[in-house]
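The lines below spell out each chain.
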Amino acid sequence: MAITNDPAYESFFNLSVDMLCVAGYDGYFKRLNPAWTNTLGFTRAELMARPYMDFIHPDDRAATVAEAEKLTQGARVVHFRNRYECRDGTYRWLAWAAMPTGSEELIHAIARDVTQEVDAEIALREANLAAATRLALLTALIDAIGVGVVLIDRDLLVAHWNKEATRLTGIQAEKVLGRPARLLGEAIAPRVEDFPSVRSHLEHAFSPVKTARFQIVILEPRHDLEVTVSRAVLAADGQPVGSVIVLHDITAAKELDRAKDELVAMVSHELRTPLASLVGFSELLLSRQVSDAQRKLYLETMLKEGHRLTELINDFLDLQRMEGGFKRLDLGPADLPTLVARAVATAGDNARTPIEVDLAHDLPLVIADTNAIHQVLINFLSNARKYSPGGGTIRVNARMADNVVEVSIQDHGLGLPSEAIPKLFNKFYRVANVDRRGISGTGLGLAICRGIIEAHGGRVAAESAGLGQGSRFYFTLRAADRKATAGDVLIVEDDTGFARLLEAELSLRGLTSVWASDAETADQLIDQTDARAVVLDLMLPGASGEDFLARLRTSHNSQVPVVVVTIKELDATETLALRTAGVVAILKKHSGAGKEAAEYVAAALETRHTGA
Amino acid sequence: MSANKITSTRSRHTVVIADDEPSVRMLVQATMEVDSVDLIEAADGEEAWSLIQKHRPALVLLDVRMPGRTGLEILHAIKADPELTGTKVILLTASAQESDINAGLLAGADFYLTKPFSPRELLSKVDEALFL
Chain A
0 MAITNDPAYE
10 SFFNLSVDML
20 CVAGYDGYFK
30 RLNPAWTNTL
40 GFTRAELMAR
50 PYMDFIHPDD
60 RAATVAEAEK
70 LTQGARVVHF
80 RNRYECRDGT
90 YRWLAWAAMP
100 TGSEELIHAI
110 ARDVTQEVDA
120 EIALREANLA
130 AATRLALLTA
140 LIDAIGVGVV
150 LIDRDLLVAH
160 WNKEATRLTG
170 IQAEKVLGRP
180 ARLLGEAIAP
190 RVEDFPSVRS
200 HLEHAFSPVK
210 TARFQIVILE
220 PRHDLEVTVS
230 RAVLAADGQP
240 VGSVIVLHDI
250 TAAKELDRAK
260 DELVAMVSHE
270 LRTPLASLVG
280 FSELLLSRQV
290 SDAQRKLYLE
300 TMLKEGHRLT
310 ELINDFLDLQ
320 RMEGGFKRLD
330 LGPADLPTLV
340 ARAVATAGDN
350 ARTPIEVDLA
360 HDLPLVIADT
370 NAIHQVLINF
380 LSNARKYSPG
390 GGTIRVNARM
400 ADNVVEVSIQ
410 DHGLGLPSEA
420 IPKLFNKFYR
430 VANVDRRGIS
440 GTGLGLAICR
450 GIIEAHGGRV
460 AAESAGLGQG
470 SRFYFTLRAA
480 DRKATAGDVL
490 IVEDDTGFAR
500 LLEAELSLRG
510 LTSVWASDAE
520 TADQLIDQTD
530 ARAVVLDLML
540 PGASGEDFLA
550 RLRTSHNSQV
560 PVVVVTIKEL
570 DATETLALRT
580 AGVVAILKKH
590 SGAGKEAAEY
600 VAAALETRHT
610 GA
Chain B
0 MSANKITSTR
10 SRHTVVIADD
20 EPSVRMLVQA
30 TMEVDSVDLI
40 EAADGEEAWS
50 LIQKHRPALV
60 LLDVRMPGRT
70 GLEILHAIKA
80 DPELTGTKVI
90 LLTASAQESD
100 INAGLLAGAD
110 FYLTKPFSPR
120 ELLSKVDEAL
130 FL
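For the record, the sequence lines run as chains A and B. Note that numbering that gives the first Met the number 0 has the first sequence beginning at 0, numbered continuously upward. Note that numbering that gives the first Met the number 0 has the second sequence beginning at 0, numbered continuously upward.
Okay, chain A solo, but in the shape it has when bound (with noise of 0.2 Å):
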């Protein structure tokens, strides 16, 4: 080769900063500049002992290999890479310019250390995938989040809009993105409560004050919305690159808010007006000479207010442990037809209102609280004859339906507006109309009941066919399964106190219970139950205790041993009565007596047991 024998291109050669090599068709380095041993670190002698191809990395193999085909059959290589080990075992990453020389099956080449462009590039394009990355992961938070988020730049153009800001907005983010933020405004307009003061709001949003926050109305659907503008700035220097806007959703907040004035707006309302004819007349009565006749009308209208005043109370109160849940229920199982007759008979007759009762045969007992129940059988009845002012019977019929028992008031009074009925069991909602003025109420007897009925697990509803078309009340309770009717011990007891105590004294002797609060609810009980001792009290608000003993030995034929505990002062002849009909124990009712019954009860078993 007659060039490498001339001296000004040797010296040539051998200046160069850049790698300058000639290499063999074979795969092996033929001459090498120095910059090769100040780059690599390997001696010239080093390199040109072995291929080329084994101080390339690996993974760049193949590439090489590729290129060098390219070379053999006589193209130029220009803006390949690869790297090359170090004599330290580390890589350097080198360009290449080459070129064959044809003929004599040499290759011509430089090469150039890239390693810090392109270590460089990999860590900016590193860089660029956190950042990406960050965006994404910032991106789905705030689309994620419950609140509104709307990002504004540096240039004052909306950022970005997320899902719940077009939610409770209604605005779609394109109709918004990358538009000026003063427009927001006009966006807004057409939905929002109050538009002037909302601009002048967002006009002074973007102004250099720290963070303005402010409350916004938009309508239908209704949202109250409390918006936050923040500006962002940069870390490093303050630099202000933008603000964002936060709505925050505080519609539930307002309206129970807006609840509470309105409960309170009421209560005080219902308080004053009754209070006024107490105050008024008082202050007549004191100040004036009266007639007989006029302080006896005065008298009685104060004395029906004040009624209606503790009635009020009374029921605001009921309400008020109701929904707080600090009126317990006693549940157990009852026998509906004896709750339905004792509630007609507190009601009382009516000629022009008479009640009929038309309960279905075969009701199972319901599972109820039967004071909670009865008070709301009351309210029906005397809501049905409230409103029926032209007289009407009214109908209490119950019957299986689903595995409940539904109880129903119809009546043939002043019916329902359809608008009113949804909001009938509302505290203090009253219909308003004409044939009802006069017809005085607290406007909390429905919620009470609605209040017991889904205490109870049930449902209550009111339908009717519209104004003078009268109404129907209806109500469900829960049928009393076998788990709820079953125990060892019944005990027949109205008095809830005392039934709960004496249910715990039998449990710490191991022995479970089921409770009538009446003798007809144990009636029924004694068939179902397999209990093997009965706890009795004698004075029972329908039929007697003694009525429920002699029908125990005779209909039932049962001869399970009977406890009885009373307040009813005995004479001998009631105590030879209750003796003869095989009472193991007669107890006196006292803080005791619980005890002294559990006792007597588990004896009476202990000694059946091993008798038998």
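One should not assume that every hint holds.
[To be verified] Straight-line C-alpha distance at most 30 Å; calculated DSSO-like pairs for lysine-lysine:
1. B:Lys-124 <-> A:Lys-303
2. A:Lys-253 <-> A:Lys-174
3. A:Lys-259 <-> A:Lys-295
4. B:Lys-78 <-> A:Lys-295
5. A:Lys-162 <-> A:Lys-174
6. A:Lys-259 <-> A:Lys-209
[As the list claims (entries may be wrong)] Example chain B residues on the side facing chain A (calculated, C-beta under 7 Å, incomplete):
7. Glu-20
8. Ser-22
9. Val-23
10. Leu-26
11. Ala-29
12. Gly-107
13. Lys-114
14. Pro-115
15. Ser-117
16. Pro-118
[Unchecked claim] Looking from chain A toward chain B, a few residues come up when the C-beta cut is under 10 Å (computed):
17. Leu-140
18. Pro-273
19. Leu-277
20. Phe-280
21. Met-301
22. Ser-554
23. His-555
These aren't lab readings, by the way, just hints derived from the structure by calculation. Glycine included, every Cβ here is placed at the ideal spot set by N, Cα and C.
Take the given structure of chain A and dock chain B to it, following the hints.
For chain B alone, coordinates are given in the frame of chain A:
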């Protein structure tokens, strides 16, 4: 509705009392028996407005919360009717809410009384409204 006529030497005024509570109407009637007015009773907003239009009373005692039209709605209607420019209005409110009272005074009520009110106070307000 019932008109309660009392003979008197003073010039007679017609007064409408609108309240859905019979006991409050009765109290107002008992209170005003000593005064020389024709008292007309209305038990709801609709009835009140038709009686006001018919009788053009010198004074209306208006309950704020009534079925039908509220007292405030009737007050606005009175103020908007050129034939009722001479009609004075006393609001009877049971809510004692400042917002109600302010709304009433802004709408042009001459006086308001909060329930429970003293009959003596009612009489003095009625006199003020009618004779001042």
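Violating hint indices (sorted, rising): As far as the earlier hints go, 3, 4, 6, 12, 17, 22, 23 are violated by this structure, in ascending order.
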